Amino acid sequence: MNNELISIQTNEQGEQRVSARELHKGLGIKERFSLWFGRYEDMFVEGTDFTSVGLPTVVNNGATRMLDDYSLSVDMAKHISMMTKTERGNQIRDYFIQVEKQWNSPELMMARSLQYANNKLIGYESKIAELTPKAELHDKFIATGEAIGVREASKEMGIKQNELVDLLLNHKYIYRQQGHNGKLQPYKKYVPKLFTLKSGGVGENGIEFTPRMRITPYGREYFYKKFVNPEQTELDMEA
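For the sequence shown, my numbering assigns the number 0 to the initial residue and increments by one for each residue that follows.
No wet-lab data here; the hints were simulated from the structure. Here the structure is a predicted model, which means the values were calculated and not measured. The beta-carbon is built from N, C-alpha and C at its ideal position, and this holds for glycine as well. Take the hints with a grain of salt, since some may be wrong.
Straight-line alpha carbon distances no greater than 20 Å define the calculated PhoX-like cross-link-like pairs of lysine-lysine that follow [claimed, not checked]:
no., residue 1, residue 2
1, K159, K84
2, K182, K197
3, K187, K171
4, K154, K100
5, K197, K224
Restraint-style ranges between C-beta atoms, simulated for each label pair [as the list claims (entries may be wrong)]:
no., residue 1, residue 2, range
6, E11, K182, 54 to 60 Å
7, E86, G37, 56 to 62 Å
8, E11, V44, 16 to 22 Å
9, N228, Q97, 54 to 60 Å
10, E14, K192, 44 to 50 Å
11, R64, S6, 37 to 43 Å
12, P229, Q97, 23 to 29 Å
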């Protein structure tokens, strides 16, 4: 509104609000702000009619300090202006009445509705854009539909095999049997969600061999998000 007597701001909830300190100044009140406002606050509902806010103010030495202020509804500001019982108070009250009429006009109500709908649409589009790469990433690993070895999994993730092995060892997802050159085995609590074991058995020479570890599609997606691309939201994984 042009030629504003008192500045009116619109908050995130689409409500018009007025600074109590600006109203105090606009009404030409000589009384100290805290005493003046204290005479009115019990007449109104905190959290609805007014909320406490801080007002950044530059003081004489150039520093900035916070002054107590209150964000008022236009209706509360209008009533306070009326109760001042001065010509200036009546002018500001009439100004607030005109502001309310304009704010509640069919044209502005329609414009706010359209803006709200547009903001919701933008929000949906942003969410879709955010989820799309995650869905594509999910498809990348799930599409194979089978558990694969560490070598194949590291290629799929785009990292070196020994790097993947070190990550899994250091984070206690797997361990080595029988020393440094022993076979890799998963800890039982991660089977079968992250790993599967291809059956062991006894070879032609009669020597028993250890089941071979495989990483599931879910496991590869989980490890990719955890180690390769940590900006992705990690999947919940219950032990």
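Structure-based check of each hint:
With a C-alpha separation of about 80 Å, the suggested pair K159 and K84 falls outside the 20 Å cut-off, and the hint is violated. Between K182 and K197, the direct Cα distance comes to roughly 13 Å. Compliance with the 20 Å bound is thereby established for this hinted pair. The hinted pair formed by K187 and K171 meets the criterion: a straight-line CA distance of about 11 Å does not exceed 20 Å. About 66 Å separates the Cα atoms of K154 and K100, which puts this hinted pair outside 20 Å; it is violated.
A hinted pair counts as satisfied when its Cα atoms are at most 20 Å apart, and K197 with K224 does not qualify at roughly 25 Å. Between E11 and K182 the beta carbon distance is about 58 Å. The supplied range of 54 to 60 Å therefore holds. Between E86 and G37, the C-beta spacing of about 24 Å breaks the proposed range 56 to 62 Å. Here the CB-CB span from E11 to V44 is close to 20 Å, well matched to the stated 16 to 22 Å.
Hint check: N228 to Q97, Cβ distance near 56 Å, so the stated range 54 to 60 Å holds. The hinted range of 44 to 50 Å is satisfied by E14 and K192, whose Cβ atoms lie roughly 49 Å apart. Checking the proposed 37 to 43 Å range against R64 and S6 shows it is violated: the Cβ atoms sit about 21 Å from each other. For P229 paired with Q97, a C-beta distance near 55 Å fails the hint of 23 to 29 Å.
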